[in-house]
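So the sequences go chain by chain: A and B. First residue of the first sequence? That's 1 in UniProt numbering, and the numbers climb one at a time after it. First residue of the second sequence? That's 1 in UniProt numbering, and the numbers climb one at a time after it.
Bear in mind the hints are in silico, worked out from the structure with no lab data behind them. What you are looking at is a predicted structure, and each value in this text was computed from that prediction instead of being measured. Each residue gets a CB set at the ideal place from its N, CA and C atoms; glycine is no exception. Check before you lean on any hint, since a few could be wrong.
Covered stretches of chain A (chain B as the covering partner; in silico rule of three or more C-beta atoms under 8 Å from a C-beta of chain B) [as the list claims (entries may be wrong)]:
id, stretch
1, 288 to 301
2, 554 to 560
3, 680 to 690
4, 1042 to 1054
Straight-line alpha carbon distances no greater than 30 Å define the calculated BS3-like cross-link-like pairs of lysine-lysine that follow [as the list claims (entries may be wrong)]:
id, chain 1, residue 1, chain 2, residue 2
5, B, K35, A, K78
6, A, K290, B, K35
7, A, K117, A, K99
8, A, K219, A, K117
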Amino acid sequence: REPPPGAEAYIPQRFPDNRIVSSKVPIFSFIHLDKSAEVILCLIIDTPTSPVTSGLPLLFVITVTAIKQGYEDWLRHKADNAINHCPVHFIQHGKLVRKQSRKLRVGDIVMVKEDEKFPCDLIFLSSSRGDGTCFVTTTSLDGESSQKTYYAVQDTKAFHNEQEIDALHATIECEQPQPDLYKFVGRINVYHDRNEPIARPLGSENLLLRGATLKNTEKIFGVAIYTGMETKMALNYQSKSQKRSAVEKSMNVFLVVYLCILVSKALINTILKYVWQSEPFRDEPWYNQKTEPERKRNLFLQAFTDFLAFMVLFNYIIPVSMYVTVEMQKFLGSYFITWDEEMFDEDTGEGPLVNTSDLNEELGQIEYVFTDKTGTLTENNMEFVECCIEGHVYVPDVICNGQVLHDGTGIDMIDSSPGGSGKEREELFFRALCLCHTVQVKDDDSVDGLKKNDFSRKSCIYISSSPDEVALVEGIQRLGYTYLRLKDNHMEILNRENNIEKFELLEVLSFDSVRRRMSVIVKSSTGDIFLFCKGADSSIFPRVKEGKIDQVRARVERNAVEGLRTLCVAYKKLTAEEYSNVQKLLQSAKLALQDRDKKLAEVYEKIETDFILLGATAVEDRLQEKAADTIEALQKAGIKVWVLTGDKMETAAATCYACKLFRRNTQLLELTTKKIEEQSLHDVLFDLRKTVLRDNGSLTRDTFSGLSTDMQDYGLIIDGAALSLIMKTRQDGSSSNYRDRFLEICRNCSAVLCCRMAPLQKAQIVKLIKLSKEHPITLAIGDGANDVSMILEAHVGIGVIGKEGRQAARNSDYAIPKFKHLKKMLLVHGHFYYVRISELVQYFFYKNVCFIFPQFLYQFFCGFSQQTLYDTAYLTLYNICFTSLPILLYSLMEQHISAETLKREPSLYRDVAKNALLRWRVFIYWTFLGVFDAVVFFFGAYLLLDNTVVTSNGQVITPYNIFFFQLALDTHYWTWINHFVIWGSLLFYIVFSLLWGGIIWPFLNYQRMYYVFMQMLSSGPAWLGIILLITVSLLPDVLKKVLCRQLWPTATERIQNASRHCREHISEFTPLACLKSPRYRSSDCSNSPARRSNSHSKKVMFTQWKGVDYSVLPSVFGYSNKHCRSSAGYHYSGSGLETSI
Amino acid sequence: GKKNYKADGHPSGGVGVPGGGAVGGGGGGAVKTRKPDNTAFKQQRLPAWQPILTAGTVLPAFFIIGLIFIPIGIGIFVTSNNIREYEIDYTGTEPSSPCNKCLNVSWDSTPPCTCTINFTLEHSFESNVFMYYGLSNFYQNHRRYVKSRDDSQLNGDNSSLLNPSKECEPYRTNEDKPIAPCGAIANSMFNDTLELYRIDNDTRTPITLIKKGIAWWTDKNVKFRNPTGDGNNLTALFQGTTKPVNWPKPVYMLDSEPDNNGFINEDFIVWMRTAALPTFRKLYRLIERKNNLQPTLQAGKYSLDIAYNYPVHSFDGRKRMILSTISWMGGKNPFLGIAYITVGSICFFLGVVLLIIHHKYGNRNTSADIPN
């Protein structure tokens, strides 16, 4: 808190207190503006409705919005308060003081005990552990459940009690707060007496983040450096940019149309009014004189006021409460997703998360799915398969269902044991694998210090942020070398002879995704200094100067083709001078305040050269269960699935085959660096385009690309380098040409695989597709930090709550535990919500047209005097009370087809694709239906009631009931709640009318409605009329529905008909029975097991799937038999897997 | 083993059990709490009725509607046709009309212009007869007109009586005195007097017109009330107010009978219930059937005596007198019956069309639904 001596310009900085505030400012939308304007108009001009009439709905809208936002805010406040008030120990004048967390200031020294959360971002000064380290989990920050080690500042780690800590005199320089959790640079100057200060670098390993929890350490001391809203956790709270769904966009377009209708209506009426009034006896007959001020008013001003008054009168055509209802529907509807039991994963104990409820319906509109491979398609649950040391292959002992049987005798060597130097290399290789990692060992807590030689082999649990590393260390354990632990900077390994070897860990050149390798420098007990490096083949091979590169490369490529993840291991021996050089370089880079990462990278580059290649490892990443099924279903649903991965081409392609993204008959097109080296990019693109378009010249591919089999399927493989070439903007502007051509190729491929992608490139691809001329709706799904960019870029971002931390899940719109849940998410929930919300939107427009169009017609009969047709109470309550609840419930409960059917029949998804239910045709249909019904009511009432006694009721009551019946007609799923709400609303309307008309309300200055309703109900013709009008108004819609269903049924309707058929003819309790039957027939020709091994394409491959999952699911139901797909013209029951097993 | 890795999903639990399997199991126990409930509501599996509009279900509905509506329509039509109704336009725009002389009458002409119209009823009116007056082109539903009243004044509120609502402008005060009843509606109250005579061999027998019971009971007893005060003398109660400009007499002199005078005068109440359309009719008098032997109005000659006070010519209006009997369904309304018959026929016709379509295309569809 005080300027360091010698600092030229110190700008005193105001540090915030440690309070966390995450509440938001309420948002006012267009609709609020519109309504507020109306209320203001009512106040200033003479309008047909009172300010109360207009104001109540506005108040309602605002209240509901405020309640919703307030509730969310309250939750946040509660959480904030809990954090802000929790007690914190900190040190004042050498004593320990307890205070509330929010009183913490920058510079305070804080003590944190085990299992406590850090109250703010702290610089780690000292810990109760002698070596100045502490363990921390950051589960609540990024979801990584592994314990991480943090290091205390060298010069302060000796201070162990309050007095010592208080005596510390130091200054800290650090960068301005920034949200990146894994980056921090700073410097601490420690003053010892009067000596020159000692400067030490501070990095993220010294920074304890707020929200993280201290583990396995009794207590630590730290100095607060970022507090309150400046902590990295708070900075990460910042909301992402708002995503809007396509439905919302079309809703806004419709709204504009209605606004135009409103204005034109008002304009027409104003003009007609003045035409009609041009004769003075109409303007001012003797019985209806104007007041003096009215007479004197300027004509144009008068006309303008009239126009505004008409606007106010007709403004009910804009469904104000629609926004509220839509918002409620989304908010409540998202609960059904979180409640879904089928999307709950027992293993991880995670259910789906909904981070934004705004996009529910967008899930039903997806055209492109971009998926990550590792952790998304695959389990990210690594299994060590084999290693290859200088061409000799080693396979660990018996593996049974992923569990090691420890009674195995040791290593099962495929090749004969190498002799001489080979043996030495082999041992070096195993040691390298044992040492070159950042795995931690989680011991049995109680026996910290003691060593248990025999026991530790089984008891220790390895923890690492990278599952590959765990798999490797475990695999090596099975090969006889056990990594025991890291103690006092010494790594201990237990070799085959059960001897403990100690290596001093000198440096760790940690892994990053750019270098794609990591290294350690260790000193053996004999004093030799080794540098072990492991990494991707592409980043190791260029740095190797000797070793059996060719054999290893061959093996690596073989493994990659089989879909295994390969790593190469290399080493080099360092002399003492070399090491001291290295150390110096590293130290200087680490101390740098600016560009530390860049400098470190440069140093690493310099150090990691001239390797001697040892061998390679292969780790298998299993496919997630039902990944193939999910992808197949998505493709049948007309969704294009792209795999974007950082992995290498062969591995990725193998995974794609395994998950049926590519099929046997898929012709693979390659757009890779290798190919571009042979030909120019232009030629490659030209060739590919020719190939792709040859077949499709005459046929439109879009409509049936997933189902058709007679057409050639194309799969495109593109790598990162080729992509950047395509994306690169060239000076002459021809890049867009490439881009278009590329897009054209992509559009005609059923599957696209992008490999070797950098995170940013993933986002680029998504953006490219998103902005292409059809503007398709995209979805990105991924599990790791490298997928965040594309998750944020896509229309809908889905995070898989995976093993690589929660970053993806946190940044996503929805998070699901497993990739397979995507199927239900899109095909069932997405479909439902799309149907529901589109019906909701159309119905809202319909009911408001229906409600307000008679008002327009009435103006022709009341001398364009803006007389309302309805009583103000009905105007006010119509949208809020009478009609909003049934449609809200409808939009929450409706299931036009059962969820099971939707899942079984993915092609139904095509029925709602491309915003099918909110097209102009449908919108106009609904509007005309509204107008028709309005005309029927108005003229029906006009003609029916004209001559009867009821005529003299000041105002006509339109049979509102119609709206309920119209809704009832569209409801396909009548639960007791629907019944309750629809009939309840009707009842409410009647009861309200009885009350409203039954009492002389003292606060009203008019009693126009008194007893009108009862009079109406007591007259026979009114009842007869209402029945007639309802029948007539429902007639066209019923007719249209029946005719369309009969003559041009959509797939959805066919299924509905058939399931009805089934229920009638077979049994009510086994509706699926008849649906399945055809399936058995088609399965006759499917005796190929669901394995990718049958692939006939040129990339033939075979991988041994060890899990039971794949073998116990024989495709009885013709799951993978593409060749008999065409035999059944229309697949009645697509994939019966879920239902049959 | 594999389980080892799984275990680190729950490191915070600190379950120190060696051996991966046991730790994994421990993790599973903690999980249960987050699992969503398996209730029918939350899983969207509520039992539901799932109706689908197919030709099969709609066809019977159409036929049934047709079969129900057509008889109802016929019934209504017959009933409506049995209702006797007679209408005379006595505006007097045609020069030949006896009321032509009164066409340009003004409000305050004394004595009132009278005219007599003779007419013949072809059929006798058997049951009770309702006598209406009808006005055309009279915008009782004009917004300025509709709101020009003070319901609390009419409800007998004394403060409103002396200080009527602003809505009544420009019929609120006259010569600094509050108008009772105020407003344009009250001011323009229909004030023609209609009298009916039966002409039997040149002798005119007046027909008793009952003026009570023409307004709604609730209006007369609840909504409209005379101001309260000492005594029942309406003149005193309306002290301090003045009559509407166009009225010849103040409101407390509308009728001689005290229970039909002042605000609770039934003619006044009927007038105050504004019509929804510019052409309307309002109940004027009742003619009760005297005994079961004679019809209320026999077929024959009648004359209508009109005290023509109400000017309508200035706004192109028309005035009518209507005599009508009523049935269970109110007055004469042929439209309802016709509409029922039409809709019923349409439904029946559509049913037939759908049946044909269903037979022609239905089989094709069902066979396509279930392959093989």
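Quick rundown of the hints versus the structure:
no., hint, verdict
1, 288 to 301, "holds (count 5)"
2, 554 to 560, "violated (count 0)"
3, 680 to 690, "violated (count 0)"
4, 1042 to 1054, "holds (count 7)"
5, B:K35 x A:K78, "holds, 24 Å"
6, A:K290 x B:K35, "violated, 71 Å"
7, A:K117 x A:K99, "holds, 15 Å"
8, A:K219 x A:K117, "holds, 11 Å"
In summary, the numbered hints that this structure violates are 2, 3 and 6.
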